[in-house]
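Enquirer: Given chain A, work out where chain B should sit, using these hints.
So the sequences go chain by chain: A and B. Under this note's numbering, think of the first position of the first sequence as 3, with each following residue one higher. Under this note's numbering, think of the first position of the second sequence as 10, with each following residue one higher.
A portion of the hints provided could be inaccurate.
What the hints assert, rightly or not - To be clear about the criterion: a stretch of chain B counts as covered by chain A if any three or more of its residues have a C-beta under 8 Å from a C-beta of chain A, and this derived list gives those stretches:
(1) 200-211
(2) 430-444
Stated by the list, open to error - DSS-like cross-link-like pairs, simulated, lysine-lysine; straight-line CA separation at most 27 Å:
(3) Lys-149/B with Lys-121/A
(4) Lys-138/A with Lys-269/B
(5) Lys-61/A with Lys-291/B
(6) Lys-156/B with Lys-168/B
(7) Lys-48/B with Lys-21/A
(8) Lys-261/B with Lys-31/B
(9) Lys-117/A with Lys-149/B
(10) Lys-354/B with Lys-294/B
By construction, these hints were calculated from the structure, which means they are not laboratory data. Computed from a predicted model, the values in this text were never measured in an experiment. Think of the CB as a built atom: it goes at the ideal place given N, C-alpha and C, for glycine as much as any other residue.
Here is how the chains run, residue by residue.
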Amino acid sequence: MVSGKNFEVIDYTSDVKIKAYGKTMEELFENSARGMFFLISENDASDLKVIQKISISTKHKVTCEELLVFWLERLLFYHETKKILYFNFKINSLLLENNDENPCSVLEAEASGEKINMKKHEILNHIKGPTYHDLKIIYNSKSKVFEANIIFDV
Amino acid sequence: MDEKNVIKTDDYKFEVVMDKEKGMNVPGIIFSNDLLMEKVLQEETINQVINVASLPGIVKASYAMPDIHYGYGFPIGGVAAFDMEDGIISPGGVGFDIACGVRILRTDFEFSDIKNKIAPLMENIFRNVPKGVGTKGRLKLSDREMKDIFLKGVLWTVKNNCGYEENLAHIEENGTFPDAVPDYVSMEALERGRDQLGSLGSGNHFVEIQKVCEIFDSKASEAMGIFENQILIMIHSGSRGLGHQICSDYLKVMQAASSKYNISLRDRQLACAPLGSPEGVKYFKAMGCAVNFAMANRECLSYWVIQEFEKMFSKSYRKMGIGLIYDISHNVAKVEKHSIDNKIKTLCVHRKGATRSFGPGHESVPDDYKSIGQPVIIPGDMGRYSYIMTGTKKAMSESMGSSCHGAGRLLSRSGAKRKINGSELKKELFSKKGIIVLANSMAGLAEEAPQAYKDVAEIVDIAENAGLSKKVAKLVPLGVIKG
Numbered sequence: 003m004v005s006g007k008n009f010e011v012i013d014y015t016s017d018v019k020i021k022a023y024g025k026t027m028e029e030l031f032e033n034s035a036r037g038m039f040f041l042i043s044e045n046d047a048s049d050l051k052v053i054q055k056i057s058i059s060t061k062h063k064v065t066c067e068e069l070l071v072f073w074l075e076r077l078l079f080y081h082e083t084k085k086i087l088y089f090n091f092k093i094n095s096l097l098l099e100n101n102d103e104n105p106c107s108v109l110e111a112e113a114s115g116e117k118i119n120m121k122k123h124e125i126l127n128h129i130k131g132p133t134y135h136d137l138k139i140i141y142n143s144k145s146k147v148f149e150a151n152i153i154f155d156v
Numbered sequence: 010m011d012e013k014n015v016i017k018t019d020d021y022k023f024e025v026v027m028d029k030e031k032g033m034n035v036p037g038i039i040f041s042n043d044l045l046m047e048k049v050l051q052e053e054t055i056n057q058v059i060n061v062a063s064l065p066g067i068v069k070a071s072y073a074m075p076d077i078h079y080g081y082g083f084p085i086g087g088v089a090a091f092d093m094e095d096g097i098i099s100p101g102g103v104g105f106d107i108a109c110g111v112r113i114l115r116t117d118f119e120f121s122d123i124k125n126k127i128a129p130l131m132e133n134i135f136r137n138v139p140k141g142v143g144t145k146g147r148l149k150l151s152d153r154e155m156k157d158i159f160l161k162g163v164l165w166t167v168k169n170n171c172g173y174e175e176n177l178a179h180i181e182e183n184g185t186f187p188d189a190v191p192d193y194v195s196m197e198a199l200e201r202g203r204d205q206l207g208s209l210g211s212g213n214h215f216v217e218i219q220k221v222c223e224i225f226d227s228k229a230s231e232a233m234g235i236f237e238n239q240i241l242i243m244i245h246s247g248s249r250g251l252g253h254q255i256c257s258d259y260l261k262v263m264q265a266a267s268s269k270y271n272i273s274l275r276d277r278q279l280a281c282a283p284l285g286s287p288e289g290v291k292y293f294k295a296m297g298c299a300v301n302f303a304m305a306n307r308e309c310l311s312y313w314v315i316q317e318f319e320k321m322f323s324k325s326y327r328k329m330g331i332g333l334i335y336d337i338s339h340n341v342a343k344v345e346k347h348s349i350d351n352k353i354k355t356l357c358v359h360r361k362g363a364t365r366s367f368g369p370g371h372e373s374v375p376d377d378y379k380s381i382g383q384p385v386i387i388p389g390d391m392g393r394y395s396y397i398m399t400g401t402k403k404a405m406s407e408s409m410g411s412s413c414h415g416a417g418r419l420l421s422r423s424g425a426k427r428k429i430n431g432s433e434l435k436k437e438l439f440s441k442k443g444i445i446v447l448a449n450s451m452a453g454l455a456e457e458a459p460q461a462y463k464d465v466a467e468i469v470d471i472a473e474n475a476g477l478s479k480k481v482a483k484l485v486p487l488g489v490i491k492g
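Isolated chain A (complex conformation) (with noise of 0.2 Å):
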């Protein structure tokens, strides 16, 4: 990781772009998941009483990409749905198993937020999607942590 960031805002002229780390695949995610809420809301977490659990499973042969997609795709469903800032996220199990008789990859999280107060929160950013434009996981073996761009329209 850079200087031990999760993520970095990158410049991006038409829209909006993170750069994520994590010395797992696992925290990759989280994080990535922590940059597209910044980009929302630079809000501290204070009161994280709602938890919705996530679970995504596919029966298709699907790449980390776009499983990170399908992930951050899930979180702002439910952010726009139930209109809640999450700010902590939980991986607690990512499977990828792309095998030609029975592909099957399974992501289990946890996210926890608030509820949107307007007069508490301001929304910087309305996310209206992740983006497959550059996207590539990479490990960097000189860090050793896993890093991904991440172009975000808004």
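Expert: Relative to chain A, chain B alone:
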């Protein structure tokens, strides 16, 4: 420019020469000038033009309008037409905000009639028009009502007392996109849109009260009922969470479809399917639902804005001469007829950050605009000006009947926030230009600062000089509401 094989073919047109080794099926054509072209080359936006040129069944060229800038998948300002038989459809060529667009309404007011009422009027509109996530929508719709909107578009608003029948003729497709099948929209998408009809959204979406400051074309302005110093209302919004989720859902479908149909992609955001395939048809018809929702959204928004005018001036909208000049979508794929090599062909034209610009006489142009061409609405930034233009016959042969859609960003959002303070910007716009700006987030406002955008006058001049659209009127903002 040489290394990219970009040739200037006339003062406002550059060609990216077709290169089979790069997989291009057609050349790229970029409408620009020397100065702006340098920026296009710096940002490597050309690669996005080339990527689009490599998609199967693309006809004539991968076009980029004068406000081209680096996006994802398609460049912003990208236009591409695909053959119905061997071409594709791509959600990445439409974007997340399906049918995002602009409408402009006229009034009988002159600036002097209402100048003391603009501030309270803006306050009332700000209070009563829902904006983004976290603000409560005014309508909570059932599944059945949502599906009805997906099918009927603006007609639904007319039947449900939040839209005007007389506006229908001044909306593309008369307010109802015919190819819409609600069954192809996921429950997640429906859920995201459920309380968002008649809401603005955030980012670059806005409601503005504007003043006509200059008329360039008296015949066209007369046909639209526009005169100098007149008060107009401009609204920019789209299909909200519904469209965003439909795009996300079908990007997944298209990732698999691209492999299934052996379409090699230079950017996964360009994932697509043949137009006639089940995946292609389903996306098109789900997209149609979002188009109807977006048009209905803008109608609802203007209905509520008009209500505030009615309350403020104690007059009906008819008495105030309020009516829709035109409503356009600038992120959309449409099936259109175009003349290709002297033969009429039906094509699927993707416009991502580009406006349809049909010329005089075109069958899709409303009768009262038939002699002037379709109104083309070009919003600028909140501190300078916007334009109304008209479509041209030349656009039909030059750009698949398309023109620009706005100024295009100059600074990234984070770059703008570093340089500009939202609260100071708000004060400065009022003290120096008398523009009243209301926004929920001052940081969000900084991202939308005039300095973050190119000068739309330059973009509009290129569009006019290239023959893509013709200037009718220049408008300045008086009051701005940002989501």
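Enquirer: The structure should be examined with respect to each hint, and the outcome stated for every one.
Expert: For each hint, the structure was consulted:
1. Counting residues of the segment 200-211 of chain B whose C-beta lies closer than 8 Å to any C-beta of chain A gives 5; at least three are required, and the coverage claim holds.
2. Given as covered by chain A, the segment 430-444 of chain B fails the check, having 0 residues with a CB less than 8 Å from a CB of that chain where 3 are the minimum.
3. Among the hinted pairs, Lys-149/B with Lys-121/A is consistent with the structure: their alpha-carbon atoms are about 23 Å apart, no more than 27 Å.
4. Between the alpha carbons of Lys-138/A and Lys-269/B the distance comes to roughly 22 Å, so the proposed pair stays at or under 27 Å and holds.
5. Annotation: proposed proximity of Lys-61/A to Lys-291/B holds, straight-line Cα distance about 21 Å (limit 27 Å).
6. The hinted pair formed by Lys-156/B and Lys-168/B meets the criterion: a straight-line CA distance of about 14 Å does not exceed 27 Å.
7. Between Lys-48/B and Lys-21/A, the direct Cα distance comes to roughly 24 Å. Compliance with the 27 Å bound is thereby established for this hinted pair.
8. Among the hinted pairs, Lys-261/B with Lys-31/B is consistent with the structure: their alpha-carbon atoms are about 26 Å apart, no more than 27 Å.
9. For the given pair, Lys-117/A sits about 19 Å from Lys-149/B by alpha-carbon distance, which is consistent with the 27 Å threshold.
10. In summary, the hint linking Lys-354/B to Lys-294/B is supported, as the alpha carbons are separated by about 21 Å, within the 27 Å threshold.
Of the numbered hints given earlier, the model fails hint 2 alone.
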